[in-house]
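**Student:** Sequence:
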Amino acid sequence: MYARAALPADGYGIRRARPAESSTVAALLACAFADDPVMGWMIPDPSDRVHRVALYFELAQRQQRPRAGAVRVAATADGRLPAAALWSGPGRWAASALQALAALPRYARVFGVRRMGRAAEVQNTLHEAHPDAPHWYLPALGTDLAVQGAGVGSALVQEQPAHCDRLGQPAYLESSKASNVPFYERLGFRVTREIRLPDGGPPLWPMWRDPAPRPGPSAGERTGREDRRPGNGLAQ
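Each residue of the sequence shown is one higher than the last, beginning at 0 in numbering that gives the first Met the number 0.
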């Protein structure tokens with residue numbers, strides 16, 4: 000059991016993660032994903048799973064960082080990071096062939112040589128199921144177990160959908176836990192199908208979020224525009 004930790008009275012802010020915080024972000028996400036079914040399937044030994052998953056998220060951040068705003072955190076005034084999220088913008092969710100090749104030795108360190116094939120199967124399966132339409136992609140969201148239920152993760156992840164609504168852009172994620180599906184549904188995501196990993200792997204639920212419709216002009220605003228047309232007697 001984890002003791003519930005109180006957030007400071009002045010709350011927290013949401014910002015981009017700083018390069019010096021990469022280890023803290025990786026440790027936070029590793030603890031959040033320690034019981035993740037997909038991570039457990041790729042790294043079945045629980046004795047070093049958290050360590051290996053932290054290495055994985057160190058690598059994931061390294062690939063994300065060149066993208067503006069890709070690593071975001073909820074941060075308190077005293078420097079604690081109660082939640083972190085990784086985002087990729089439209090057309091930027093997949094590493095290039097050169098990046099993927101350069102990362103192979105690091106992935107071997109994360110999963111071990113014997114498990115590299117299984118990790119590759121997961122990646123290939125998710126890539127094949129990934130939507131072609133331009134979208135924002137959320138590959139990872141994690142909250143400090145001590146503050147789960149306090150709304151921090153929700154506040155952190157809500158920032159991007161609100162931005163997507165302003166831009167008229169969709170968003171996408173894969174939930175690896177059925178219990179997390181309602182959380183994302185409350186943010187406007189909907190399950191589109193079920194992905195089954197090969198060789199008896201656990202399921203995932205891809206979720207898509209269309210941008211909220213932009214409010215149309217009110218009757219007064221429409222009338223105002225009409226009144227300003229040349230030749231309209233009311234605008235003379």
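Among the clues, some could well be false.
Beta-carbon label-pair distances, calculated as ranges [stated by the list, open to error]:
#1 Val112 - Pro212: 43 to 53 Å
#2 Arg185 - Leu97: 19 to 29 Å
#3 Arg213 - Leu103: 41 to 51 Å
Hints were generated in silico from the structure; no laboratory data involved.
Please read these numbers as outputs of a predicted model, since none were measured by experiment.
Note that CB positions come from ideal geometry on N, CA and C, so glycine has one too.
**Student:** Now, for every hint given, state plainly whether the structure supports it.
**Tutor:** How the hints compare with the structure:
no. : hint                        : verdict
1   : Val112 - Pro212: 43 to 53 Å : 50 Å, holds
2   : Arg185 - Leu97: 19 to 29 Å  : 39 Å, violated
3   : Arg213 - Leu103: 41 to 51 Å : 44 Å, holds
Taken one by one, the earlier hints fail for this structure only at number 2.
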